[in-house]
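Enquirer: Mind assembling these two chains? They're in different frames, but the hints should get you there.
Chains A and B, in that order, are what the protein sequence lines are. Each residue of the first sequence is one higher than the one before, starting from 1054 at the first, in the numbering used here. Each residue of the second sequence is one higher than the one before, starting from 1361 at the first, in the numbering used here.
Since the hints were made in silico from the structure, they are not lab data. Keep in mind that the hints are not guaranteed to be accurate.
Distance condition first, Cα-Cα at most 16 Å in a straight line; then the derived EDC-like pairs of lysine to aspartate or glutamate [unchecked claim]:
1. A:K1062 <-> B:E1401
2. B:K1430 <-> B:E1414
3. B:K1468 <-> B:D1443
4. B:K1458 <-> A:E1152
Now the stretches of chain A that chain B is said to cover, found in silico as 3 or more residues with beta-carbon under 8 Å [said to hold, decoys possible]:
5. 1069 to 1083
6. 1086 to 1097
7. 1101 to 1115
8. 1157 to 1163
These numbers were taken from a predicted model, which means no experiment stands behind them. Using N, Cα and C, we set each Cβ at its ideal position, and we do this for glycine too.
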Amino acid sequence: NAGVTQTPKFQVLKTGQSMTLQCAQDMNHEYMSWYRQDPGMGLRLIHYSVGAGITDQGEVPNGYNVSRSTTEDFPLRLLSAAPSQTSVYFCASSYGLQETQYFGPGTRLLVL
Amino acid sequence: GQQLNQSPQSMFIQEGEDVSMNCTSSSIFNTWLWYKQEPGEGPVLLIALYKAGELTSNGRLTAQFGITRKDSFLNISASIPSDVGIYFCAGLPAGTYKYIFGTGTRLKVLA
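Isolated chain B, as found in the complex (with noise of 0.2 Å):
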């Protein structure tokens, strides 16, 4: 099946360092989002991408579609304690109706 790399698979940052993690595929997709997931939780959406080079921010977070239309890119700019939780991307491959999930990103950040 179709596969998603997302890395890292965690990482460990001090307050107010900037944070990036991405996503790659062996498909094109047409669309990309990312989710946080807090412990007992279900994931929430952060940020949604609908079109090739699409840059997109919420707050600190920016999340651009890759011009190929195989990658994914998240950043958090001046990272805050409440930043910890495990970040996915789920993409959309071009003509599914099923959604794959990456392996996730666990964030801590030490303050």
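Only chain A is shown next, with the shape it has when bound in the complex (with noise of 0.2 Å):
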């Protein structure tokens, strides 16, 4: 198994552009989510998911899109980056909601 898997793993945006981030699990996992992490923050909740086309927003949503057509994939979509999602961005994947999460090895984002 590949694990969770993430691409790219490094991005330069200027504002105002659009980027899908990659996220895919070979575990047959139900529960997926998307955190960002900054510095001194922690990791906080974008969105999630408990299965295919179902999803739901996190702790900080706002720029954010997100659909699940498979179980293996969940991509993260920025429609209009701005500086403030500058930030590394971790996809994890669990069997269910109360079971372990595993967490890709991010994508380090720089928004100009």
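Expert: Now the structure itself:
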């Protein structure tokens, strides 16, 4: 198993550009989530999904969209990037809500 | 929104010393998780706790789910240089699907 994979590893965007951060897992996990990590802030939940076709907002959803068309993939879309979205983004997955969450290696995003 | 208070923010200790850190919340949690993160990596789960009062060990690490369900503790015994990293608690508030993370405890071990 590859576990949780994220692409790209690094990205630089200009303000107003759009992009999609990819997340995939090959463990047949139902629960997937996106977090952002900023210095001194810990990890904050952006969006999560409890299964294919089901998504919901986390703590900091503004400026981000998600979809879950398959169990394996959970992409995060930035429609119009802003400097405040400069952060490290982590995707995580687990079998169920109270099961162990496995994290991907992260995507480091810089918005100029 | 709900918050987790994690303390201390950072610790500098000598190799061989024991370490304690804790997280407290303003609401009741159903699950407590403890993670370790090293530079450039995603968090890695150390210990998961599912019941109030539960005490679980993983090698030199021991964590407890507080009986009030509003706190959790992580202890590391006989620290070694590879324990260096940032330790995060995470909790699942009762009645929600959203995990909340603490702000982390940065641990440095001096040989």
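Enquirer: Evaluate each hint against the coordinates.
Expert: Against the structure, the hints come out as follows:
no., hint, result
1, A:K1062 <-> B:E1401, "holds, 11 Å"
2, B:K1430 <-> B:E1414, "holds, 13 Å"
3, B:K1468 <-> B:D1443, "holds, 8 Å"
4, B:K1458 <-> A:E1152, "holds, 13 Å"
5, 1069 to 1083, "violated (count 0)"
6, 1086 to 1097, "holds (count 7)"
7, 1101 to 1115, "holds (count 5)"
8, 1157 to 1163, "holds (count 3)"
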